[in-house]
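Assemble chain C onto chain X, guided by the hints.
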Amino acid sequence: DGGITQSPKYLFRKEGQNVTLSCEQNLNHDAMYWYRQDPGQGLRLIYYSQIVNDFQKGDIAEGYSVSREKKESFPLTVTSAQKNPTAFYLCASSSLQGLPGAFFGQGTRLTVV
Amino acid sequence: DAKTTQPPSMDCAEGRAANLPCNHSTISGNEYVYWYRQIHSQGPQYIIHGLKNNETNEMASLIITEDRKSSTLILPHATLRDTAVYYCIVRGGHGSGNTGKLIFGQGTTLQVKP
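First to last, the sequence lines map onto chains X and C. Using the working numbering, you'd call the opening residue of the first sequence number 1 and step up by one each time. Using the working numbering, you'd call the opening residue of the second sequence number 114 and step up by one each time.
It is possible that part of the hints are untrue.
What the hints assert, rightly or not - What follows is a set of in silico ranges between Cβ atoms, one per label pair, in the way DEER data are often shown:
(1) X:N53 <-> C:P227: 51 to 59 angstroms
(2) C:P227 <-> X:T79: 45 to 53 angstroms
(3) X:K83 <-> C:T192: 35 to 43 angstroms
Derived from the structure by calculation, the hints contain no laboratory data. Here the structure is a predicted model, which means the values were calculated and not measured. Glycine is no exception: its CB is placed at the ideal position from the N, C-alpha and C atoms.
Just chain X, same shape as in the assembly (with noise of 0.2 angstroms):
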């Protein structure tokens, strides 16, 4: 079945410690997306790329890095300059042409303590 995987589903850091989260999608799209959700708001871009070895900061970069070796995986590093990391991270995938609609993972949960 094709479709986009994030894993783990809850990831648990002491603070201070940098972490990676992935994102892996065999759907064949060019584009992938890194969002970031708290409670009760809506999703805020991070990062997004385009095609291999490329990406572009999205609206909250600060304290993020991403990698695009292959084009079906995205990785996050949510780094130790990340204030707030503490939240939901929902990665997507869709064509260039963002046609039929974007495919998103289910998530992984970063607490850190």
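Frame of chain X, contents of chain C only:
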């Protein structure tokens, strides 16, 4: 990238049609209107999209005004499982002057009541 405006919340009686409005007055000619919904603690789910014409699929209907400055998502017979946050987004394709960003607003929280 055009912005969208949606009411923060709406209620609908179970079995009735739910009509969710969206304003996108700055939409450009090559931008599509998309609707997604998000059920609590899950990833958003694509519902429907359109450019100019009205569209219908197994989930919903999309009515776009002639000037394309607004649209309405219609859930014809709302059920309790349709309770979710509904997002309206406008976006063009790559290479059409669009940045490629997929920007979500705050959406409309639809509460379907028995």
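Here is what the structure says about each hint:
no.: 1; hint: X:N53 <-> C:P227: 51 to 59 angstroms; result: holds, 52 angstroms
no.: 2; hint: C:P227 <-> X:T79: 45 to 53 angstroms; result: holds, 47 angstroms
no.: 3; hint: X:K83 <-> C:T192: 35 to 43 angstroms; result: holds, 41 angstroms
Violation of the numbered hints given earlier is absent; every hint is satisfied by the structure.
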